[in-house]
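> Residues per chain, in single letters:
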Amino acid sequence: MSNAIDIQDLVVEFPGARGGAVRALQGLSLSVAQGQVYGFLGPNGAGKTTTMHVLLGFIEATAGVARLFDEDVRQAIARRRIGYLPEHPDTYRFLTGRELLFMAGRLFGLSRAVLNARSAELLALVGLETAADRRLATYSRGMLQRIGLAQALVNDPDLVILDEPTSGLDPLGRIRIREIIAALRERGKTVFFSSHELSEVERVCDRVGILATGCLVAEGRMAELVKAGEPAVAGEPAIAGESLEQYFIRMVS
Amino acid sequence: MIRILTLAWLVWLEMIRRKDIYVLLILLAAFLVTLMALNLFGLGKAVSYLKEIGLLLAWVCSWILAVSVSARQLPQEERQGTIFPLLAKPVSRMEVLLGKWLGAWVVTGAATLVFYVLLAGMVALRGGSFGGVVLAQAWLLHLGLLAIITALGIAFSTRLHGDAASALTYVVTLAAWLVLPRVPDLALTARGAVQTGLMVIYYALPHLELFDLRRRLVYGWPPASGAAVLLTLVYGLLMAAVFLTLGWLAYRNKRFTRGALL
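First to last, the protein sequences are chains V and F. Residue 0 is where the first sequence starts when you use numbering that gives the first Met the number 0, and the numbers rise one by one after that. Residue 0 is where the second sequence starts when you use numbering that gives the first Met the number 0, and the numbers rise one by one after that.
The set of hints was computed from the structure by calculation and includes no laboratory data. One should not assume that every hint holds.
Stated by the list, open to error - Some chain F residues close to chain V (C-beta under 10 Å, calculated; not the full set):
#1 Arg17
#2 Gly80
#3 Ser91
Said to hold, decoys possible - Across the chosen pairs, the derived CB separations fall in these ranges:
#4 V/Pro14 <-> F/Tyr218: 55 to 63 Å
#5 V/Phe93 <-> F/Val113: 19 to 27 Å
#6 V/Arg111 <-> F/Tyr21: 24 to 32 Å
#7 F/Gln79 <-> V/Thr212: 25 to 33 Å
#8 F/Ala226 <-> V/Glu70: 43 to 51 Å
#9 F/Tyr218 <-> V/Phe93: 41 to 49 Å
#10 V/Gly141 <-> F/Ala223: 56 to 64 Å
All values derive from a computational prediction rather than experimental measurement. Note that CB positions come from ideal geometry on N, CA and C, so glycine has one too.
Model the full structure from these sequences, guided by the hints.
If you want it as structure tokens, here you go:
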């Protein structure tokens, strides 16, 4: 079975001052097996969103290879089996929640009949049945995040990429997102998500990668990563009694 | 095709809900009612002045609408961040351009039809009429013209801010409309490279004057030949395809990073 995500020696450079270049990613390599919940951690500016943007085809890498289910990310076909929730839940404010799901589903080529059933199911999943026919302009930030998650799941994706999915949510909203991620894992889906909330990551992730200045500084199974003396797959082992938060701070400092 | 139509549907829905078209329609109706009420230069009884000014207003309104709608589509997606979930779907960038163009073209074409119907109604109230076939031909050719203008707006907006793309589209279309037909006269007085350059511009830029049947409508001339109308329409669609292809070349490798256009 192929990996959901395969990244090899990825380099991304952005134009810098005076004709120079700024390296956002410096030879990043990582793989995410199918069915895993992978937490992608790192401080602001570490390159998490850039990595996701390469995977989604928003930016082309300067060097290296990125593949989704063995398809080159530069091909539109690679995005057939994925769902994506951006960090900022921006959307078409003139649409209603139901229309947004309809539009997203049509872009995946789903028929009207399938979409009607799927929309009802997703609106119930994110708890927005009563607001389904309201314009998105009237939604709160938390509601936009939830409808964003619903549109990310409209095609029943095998890989869900979530960029800071719990940011801006109240505690109930966070619990709901955690439950949805757990439900996705139970159904054998792969979830790749970035977060600053280490407690969230500890609760839901099977595997964690820590990124700093465009390099993967530590990676391993959640249980191994913070176990004293056990070498992580990459990076230094944890010190006895060290929490994920303490380990994270040590790795990125 | 379903993806292109879905993106076009998004443009239509936005236009209806933003009510831009209604504003232009009300403005046009207000102008025409004013014209009917006034007896400018003692021409109050002549229907032809109403036709001429009404058609000019319809052209200007559809031109403004076509430029403003098409040039804002892509920059708006980037500014609002909606381009990210959109491109995360299995949608190619060519499909994005085609969907946006089709949406802008159809919406401005439909608005132009309403302008024509409104004008024909006003003229009928004044006791005049348009030739039905010529009116249909005029609208069809107007569609061809709008295909070019919307394609230009989309193409410029692949790399420019919405305002800059609008301004550039206005300048290019106005130059093509007013200056281009005079270029051969200018070329006759020029020599060497300048003359060649002028002729290259003459053939490379779209000839918008070909789409203008207003005189036939105003003076009640007979319809143009069907073959000529068809060929002009094909020319319009070909020019639109050229501009969309150039837009795609600029857009296909564009990097999207949040806040790039803010």
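> Run every hint past the structure and note whether it holds.
Comparing the hints with the structure gives:
no., hint, result
1, Arg17, "7 Å, holds"
2, Gly80, "3 Å, holds"
3, Ser91, "5 Å, holds"
4, V/Pro14 <-> F/Tyr218: 55 to 63 Å, "58 Å, holds"
5, V/Phe93 <-> F/Val113: 19 to 27 Å, "21 Å, holds"
6, V/Arg111 <-> F/Tyr21: 24 to 32 Å, "29 Å, holds"
7, F/Gln79 <-> V/Thr212: 25 to 33 Å, "30 Å, holds"
8, F/Ala226 <-> V/Glu70: 43 to 51 Å, "48 Å, holds"
9, F/Tyr218 <-> V/Phe93: 41 to 49 Å, "43 Å, holds"
10, V/Gly141 <-> F/Ala223: 56 to 64 Å, "59 Å, holds"
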